Amino acid sequence: MRLPSPTSGEASRLMDSLRIRDTFFSYFEGVAHRRVPSASLIPSGDATLLFTNAGMVPFKDAFLGSEAPPSSRCVSIQRCVRAGGKHNDLDRVGFTRRHHTFFEMMGNFSFGDYFKKEAISFAWEFLTKRVGLSPEVLWVTVYTEDDEAEALWKSVTSIHPSRIVRLGEKDNFWQMGNTGPCGPCSEILVDQGPAFSCGRPTCAVGCDCDRYLEIWNLVFMQYDRNEAGILLPLPRPSIDTGMGLERLSSVLQGVESNFETDLFMPLMEKIGSLSRTPYGKGKGEKDFAYRVIADHIRASYFLIWEGLVPSNEGRGYVLRRFIRRAVQFGLDLALPNPFLPALGEKFVEMMRGPYPELLGGRDRVAAILAEEEERFIRTLEYGLPLVREAMAESRRRGSMTLSGESLFWLYDTHGIPVDVVLDWVRPEGFSLDLEGFEARMGEQKEQGRRSWVGQKSSFPVSASLLTRPVTFVGYDRLDAEGEILVLVHGANSVEKVSEGEEVEVVSGVSPFYPEGGGQVGDRGVITGPTGEISVESVYRPYPGWISHRGRVRTGTLSIGEPVRLSVDPSWRRGARIHHTATHLLHAALRKVLGDHVRQAGSLVLPDRLRFDFTHGEPLTPLQIERIETLVNDWIATGEAVRISEKSRQEALAGGALAFFGEKYGDRVRVVEVPGMSVELCGGTHVRELSEIGLLYVLSESGVAAGTRRIEALAGSAAYGQGKKWREELSAIRGFLRAPGGRILDRLESDEKARETLEQELRATKSHLFEVETAGMLGESFQAGDIRILVAAVDCRDGRDLRLRMDILKSRIPSGIIILAGRTEGQVLLLGWASQDLEKRFPVNSWIRKMAAALGGKGGGRPTWAEGGGVPPSSWPVFLDTVRAEIREEAMRTLVGS
RNA sequence: GGGGGGUUAGCUCAGUUGGGAGAGCGUCAGGAUCGCACCCUGAAGGUCAGGGGUUCAAAUCCCCUACCCUCCA
Numbered sequence: 031m032r033l034p035s036p037t038s039g040e041a042s043r044l045m046d047s048l049r050i051r052d053t054f055f056s057y058f059e060g061v062a063h064r065r066v067p068s069a070s071l072i073p074s075g076d077a078t079l080l081f082t083n084a085g086m087v088p089f090k091d092a093f094l095g096s097e098a099p100p101s102s103r104c105v106s107i108q109r110c111v112r113a114g115g116k117h118n119d120l121d122r123v124g125f126t127r128r129h130h131t132f133f134e135m136m137g138n139f140s141f142g143d144y145f146k147k148e149a150i151s152f153a154w155e156f157l158t159k160r161v162g163l164s165p166e167v168l169w170v171t172v173y174t175e176d177d178e179a180e181a182l183w184k185s186v187t188s189i190h191p192s193r194i195v196r197l198g199e200k201d202n203f204w205q206m207g208n209t210g211p212c213g214p215c216s217e218i219l220v221d222q223g224p225a226f227s228c229g230r231p232t233c234a235v236g237c238d239c240d241r242y243l244e245i246w247n248l249v250f251m252q253y254d255r256n257e258a259g260i261l262l263p264l265p266r267p268s269i270d271t272g273m274g275l276e277r278l279s280s281v282l283q284g285v286e287s288n289f290e291t292d293l294f295m296p297l298m299e300k301i302g303s304l305s306r307t308p309y310g311k312g313k314g315e316k317d318f319a320y321r322v323i324a325d326h327i328r329a330s331y332f333l334i335w336e337g338l339v340p341s342n343e344g345r346g347y348v349l350r351r352f353i354r355r356a357v358q359f360g361l362d363l364a365l366p367n368p369f370l371p372a373l374g375e376k377f378v379e380m381m382r383g384p385y386p387e388l389l390g391g392r393d394r395v396a397a398i399l400a401e402e403e404e405r406f407i408r409t410l411e412y413g414l415p416l417v418r419e420a421m422a423e424s425r426r427r428g429s430m431t432l433s434g435e436s437l438f439w440l441y442d443t444h445g446i447p448v449d450v451v452l453d454w455v456r457p458e459g460f461s462l463d464l465e466g467f468e469a470r471m472g473e474q475k476e477q478g479r480r481s482w483v484g485q486k487s488s489f490p491v492s493a494s495l496l497t498r499p500v501t502f503v504g505y506d507r508l509d510a511e512g513e514i515l516v517l518v519h520g521a522n523s524v525e526k527v528s529e530g531e532e533v534e535v536v537s538g539v540s541p542f543y544p545e546g547g548g549q550v551g552d553r554g555v556i557t558g559p560t561g562e563i564s565v566e567s568v569y570r571p572y573p574g575w576i577s578h579r580g581r582v583r584t585g586t587l588s589i590g591e592p593v594r595l596s597v598d599p600s601w602r603r604g605a606r607i608h609h610t611a612t613h614l615l616h617a618a619l620r621k622v623l624g625d626h627v628r629q630a631g632s633l634v635l636p637d638r639l640r641f642d643f644t645h646g647e648p649l650t651p652l653q654i655e656r657i658e659t660l661v662n663d664w665i666a667t668g669e670a671v672r673i674s675e676k677s678r679q680e681a682l683a684g685g686a687l688a689f690f691g692e693k694y695g696d697r698v699r700v701v702e703v704p705g706m707s708v709e710l711c712g713g714t715h716v717r718e719l720s721e722i723g724l725l726y727v728l729s730e731s732g733v734a735a736g737t738r739r740i741e742a743l744a745g746s747a748a749y750g751q752g753k754k755w756r757e758e759l760s761a762i763r764g765f766l767r768a769p770g771g772r773i774l775d776r777l778e779s780d781e782k783a784r785e786t787l788e789q790e791l792r793a794t795k796s797h798l799f800e801v802e803t804a805g806m807l808g809e810s811f812q813a814g815d816i817r818i819l820v821a822a823v824d825c826r827d828g829r830d831l832r833l834r835m836d837i838l839k840s841r842i843p844s845g846i847i848i849l850a851g852r853t854e855g856q857v858l859l860l861g862w863a864s865q866d867l868e869k870r871f872p873v874n875s876w877i878r879k880m881a882a883a884l885g886g887k888g889g890g891r892p893t894w895a896e897g898g899g900v901p902p903s904s905w906p907v908f909l910d911t912v913r914a915e916i917r918e919e920a921m922r923t924l925v926g927s
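For the first sequence, the residue numbers in my numbering are 31 to 927.
Keep in mind the hints are simulated off the structure, nothing from the lab.
Please note that a few of the clues may not be correct.
[Stated by the list, open to error] Per label pair, the in silico range of CB-to-CB distance:
hint, residue 1, residue 2, range
1, GLU468, ARG425, 22 to 28 angstroms
2, LEU728, GLY60, 55 to 61 angstroms
3, GLU545, PRO366, 43 to 49 angstroms
4, GLY538, GLN477, 41 to 47 angstroms
5, ALA761, SER564, 34 to 40 angstroms
6, GLU545, GLU788, 25 to 31 angstroms
7, GLU315, ASP177, 47 to 53 angstroms
8, GLU166, GLY312, 54 to 60 angstroms
9, SER188, SER492, 38 to 44 angstroms
10, GLY885, GLU458, 56 to 62 angstroms
11, GLY312, PHE55, 27 to 33 angstroms
Please read all numbers here as calculations on a predicted model, not as lab measurements.
We put the CB at the ideal spot given by N, CA and C, even for glycine.
Produce the complete structure using the sequences and hints provided.
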């Protein structure tokens, strides 16, 4: 029940999400906005961000001013993933009406173009005129100090003044980080009626409950916060807005939760048909499971489609958690495994309208989903016995509660979620110490956090210090003239650096390639009027920056000085050879193995390369051979490498491989070897393939499930390796005296000969020991009722001694045997007592005593003991002494018993 | 990036204060059978992941490396 009805126009009563998208785009295009396609979920060049989590993320550099926006007015519907953080704990997803890991954010943006007035009026007009929301249900909030915004709401819209509420910094002030652009914001809310209220008397706008639903946030970026925390006015204030497509859909479709919109219902129905129980639309006992699964398949599908694979770290790990959580909740609904591929197929069907490109790669995504699902099921199967063992252990302690420690162990070490454990142990009457578990979990998190902040070294200079980005000239030149703009020593920005110091240098121009795209940063030297720095690594501390890290070799350098920057040509040469070789390798892999192969990471160094790619199984030697041959055939053509800048659409249409998509950027750099490989790439490359020379694949191995790794050498590194192999081979030939080949035959026959010899040696030894020990039996004597043998033999190692012992003890069914093995400079002692003498005559104490007499140690069990020491001055004396003592002891125990 | 667990026969895994490397399945041979499966007897098969250290003695304890599983960031 909802009063009053939020929508006023009949036409919009049943607005499906597709129409909402169209209406949104066409409205803003109508007011001169440029439509920008959704950027990748995986942010490019931003290590601080796990996923694109808001509509403004692709525009971050544009807001910071380090990059030009596609237009001063833009509109987008950006796909987003949130997987943690204060407002979106993964655990809450599925248990509320509105939390998602994957969602789409509709937004309009102004980069120094229009400001508050237009932003407010566009939003109002869109909501009330285009999608027909009734002004009666709308509320707005403004920042407590923002008089301007409140006045504008009153003057440019028809909202009732009593529906404008002022809120504080927590709700209505937005900032990107601790420094940088920020500003007040203004939110538009829909009053869903008292039925949605938490019922508390204090319930009003700002309350956490569902009654006042925030649907659109308008951010007025008008300040730049500097390091001191002071707000300085931005010269060109900007607008960033965000409205969740899922929320707006739920309002416009008159349903109670996002999960009942057309963005979810087909998935809910599919889950319902698989589990044979329909979704209860919020009233079913297990509805939460439907919601979790539907939500997670959306996020997982998109992430995999964008080239991510489940793994045990970083983004891949978040993806793994999505998939595993979905599978886990699938258990609650008794869904038959694997069920994720079928849901994925349904999702593509739903989303093919707005995202036609999703149709490509369907098989690959389905395969990855299925594999991860099966993998988790295996983990659970493996875990069941462990849980049983934990229960048994608890029972032994007389407790029917599994301890927090063992719950943590099951989860942390073996990946078995607590909920799953609970399901298994509840029927047995067990409960769980959840508090103990949470406590251990907290420690773990704290530890992770500490190690994280501990190693994070932040660049000590603000990103806004540079008014324009550093010009990279390294594609064409290896030398450049520049001026020192920033110097860093230790954790501080400094004016001057001198000999021996570790420093970082930023200059306005640089030919140094900064580490990125898998390619290592350049090395070289920076020379000033009075000093020189050797550059050891180069990276981008912020987008658009290039920082050179190294050590001052001679003299001093100061801010403002002119410098000459020179890249080490042989370093760069090795890097570009290996980089182009990587592209060829990638293309060859796809050709030989299939189009499911995608780059999953790469490392390009001057003297080797490493390439990770998606492929389900190990490569056969034949496949590796074919790939290597193909690449070398390509190299031999000597084809020219073409590098060009194109529009993204044009590049993709030309078949370019693009992974981990860029941002909205229209201009992309395309590296093409005609007929062989086309990739979007910012790295440095050879001009002609002949420069590569040759390529050797060194190894192929697995890095994670579904990901393989190839390591290879190209150019002079490959030649050097070939030379090394040749030298080794000739050394082996010389050693084996097998010149001219047939080394394998030679090894084989040698191996056979060795085996024969070993067998013969074994036979001879056992014969020898038979004879030898037969003689030794004569040395044995009877002491009371015990048969005793103490003897010394020459032997090579303990193994020989044991062989003799085995023979001897089979001849003496009851008794004591002590053998002293004389080896080079050492004595090994071995003692045996038959089972019946275990208590009465434990041989380990004798071995210990003898070893001590020989200046060594020993020990063991009563029936079998070993020890060692240095040889006695006289063997006969030593042995006789031992015999006498043992005899005496034997007689005494006889009397005693 | 930081933890936890693992790596022993072809496979699945035991191996308890450090003291003789094991089981089941599989393989092979023999027996039994018209034949097959079952069954009986026996055998082969191991750099205990690799390297270093401690020790008289290391699968076992310590350190390093590689790989696999898993958690946290």
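How the hints compare with the structure:
1. Taken as a hint, the range 22 to 28 angstroms holds for the pair GLU468 and ARG425, whose Cβ atoms sit roughly 24 angstroms apart.
2. Taking the beta carbon of each, LEU728 and GLY60 are about 59 angstroms apart, inside 55 to 61 angstroms as hinted.
3. Separated by about 47 angstroms at the C-beta atoms, GLU545 and PRO366 satisfy the suggested range of 43 to 49 angstroms.
4. Taken as a hint, the range 41 to 47 angstroms holds for the pair GLY538 and GLN477, whose Cβ atoms sit roughly 42 angstroms apart.
5. A beta carbon spacing of about 37 angstroms between ALA761 and SER564 agrees with the range 34 to 40 angstroms that was offered as a hint.
6. Separated by about 54 angstroms at the C-beta atoms, GLU545 and GLU788 break the suggested range of 25 to 31 angstroms.
7. Remark: the range hint 47 to 53 angstroms for GLU315 to ASP177 is upheld by a beta-carbon distance near 50 angstroms.
8. As the Cβ distance of GLU166 to GLY312 is approximately 25 angstroms, the hint placing it in 54 to 60 angstroms is violated.
9. Judged by the Cβ atoms, the range 38 to 44 angstroms given for SER188 and SER492 holds: they are separated by roughly 43 angstroms.
10. Range check, GLY885 to GLU458: Cβ separation about 59 angstroms, and the 56 to 62 angstroms hint holds.
11. Separated by about 31 angstroms at the C-beta atoms, GLY312 and PHE55 satisfy the suggested range of 27 to 33 angstroms.
Of the numbered hints stated above, those contradicted by the structure are hints 6 and 8, listed in ascending order.
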